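Residue 131 in UniProt numbering is what sits at position 131 of the sequence shown, and the numbering runs on without skipping anything.
Be aware that one or more of the hints could be misleading.
Computed beta-carbon distance windows for the label pairs [unchecked claim]:
#1 I151 x N18: 23 to 29 Å
#2 D156 x K29: 32 to 38 Å
#3 A157 x Y3: 44 to 50 Å
#4 K60 x K133: 29 to 35 Å
#5 V2 x A157: 52 to 58 Å
Straight-line C-alpha distance at most 27 Å; calculated DSSO-like pairs for lysine-lysine [to be verified]:
#6 K52 x K131
#7 K86 x K105
#8 K52 x K79
#9 K113 x K131
#10 K131 x K143
#11 K131 x K60
#12 K117 x K79
Treat the hints as calculated values from the structure; they're not laboratory data.
Everything numeric in this text was worked out from a predicted model, so none of it was measured.
Just so it is clear, CB atoms sit at the ideal spot from N, CA and C, and this is done for glycine as well.
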Amino acid sequence: MVYIDDHRVMMHYLFPLNEIVVDFYDELKSMSSGYASFDYEDAGYKPAELIKIDFLLNGKPVEELTSIVHKDRAYHTGKAMCVRLKESIPRQMFEIAVQAAIGSKIIARETIKAYRKNVLAKCYGGDITRKMKLLKKQAEGKKKMRRIGNIDVPKDAFINVLKRK
Numbered sequence: 001m002v003y004i005d006d007h008r009v010m011m012h013y014l015f016p017l018n019e020i021v022v023d024f025y026d027e028l029k030s031m032s033s034g035y036a037s038f039d040y041e042d043a044g045y046k047p048a049e050l051i052k053i054d055f056l057l058n059g060k061p062v063e064e065l066t067s068i069v070h071k072d073r074a075y076h077t078g079k080a081m082c083v084r085l086k087e088s089i090p091r092q093m094f095e096i097a098v099q100a101a102i103g104s105k106i107i108a109r110e111t112i113k114a115y116r117k118n119v120l121a122k123c124y125g126g127d128i129t130r131k132m133k134l135l136k137k138q139a140e141g142k143k144k145m146r147r148i149g150n151i152d153v154p155k156d157a158f159i160n161v162l163k164r165k
């Protein structure tokens, strides 16, 4: 840290490039009310322990969301992305499992609940077996939908997920 004068300070740091590229500049400007500036130069390559995180929707990988992160931040990044995916993907007619995986190991999971019609609304009183039959029939339909149904992910959902905030 070098003091240029009473009101200005120059600091030198080594940052990984992926930390700067995403939203470092915006954070710096908002924290300093626009007064801070920053300049960077390439410091070369350094070895690091990096891991590839895959994101799965109902067990199918989504290549667009695959990211490479540092080993220490893998769980936190996976959990945060799963939560953002859950918030940005609209509900479907069937349940959607949003998972973050490293290789074959699942490190985070969120579930988007399905829309559900109240099939018992027209059953007043009566035998419980009729109600159980209707609920079982609905569950079978949801299971069939999950097998053949494709998940509709809007384009703005990808943009919302990739933002850090």
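Hint check:
no. : hint                   : verdict
1   : I151 x N18: 23 to 29 Å : holds, 28 Å
2   : D156 x K29: 32 to 38 Å : violated, 25 Å
3   : A157 x Y3: 44 to 50 Å  : holds, 46 Å
4   : K60 x K133: 29 to 35 Å : holds, 32 Å
5   : V2 x A157: 52 to 58 Å  : violated, 45 Å
6   : K52 x K131             : violated, 47 Å
7   : K86 x K105             : holds, 20 Å
8   : K52 x K79              : holds, 14 Å
9   : K113 x K131            : holds, 22 Å
10  : K131 x K143            : holds, 19 Å
11  : K131 x K60             : violated, 34 Å
12  : K117 x K79             : violated, 30 Å
Hints 2, 5, 6, 11, 12 from the list above are not met by this structure, while the remaining hints are.
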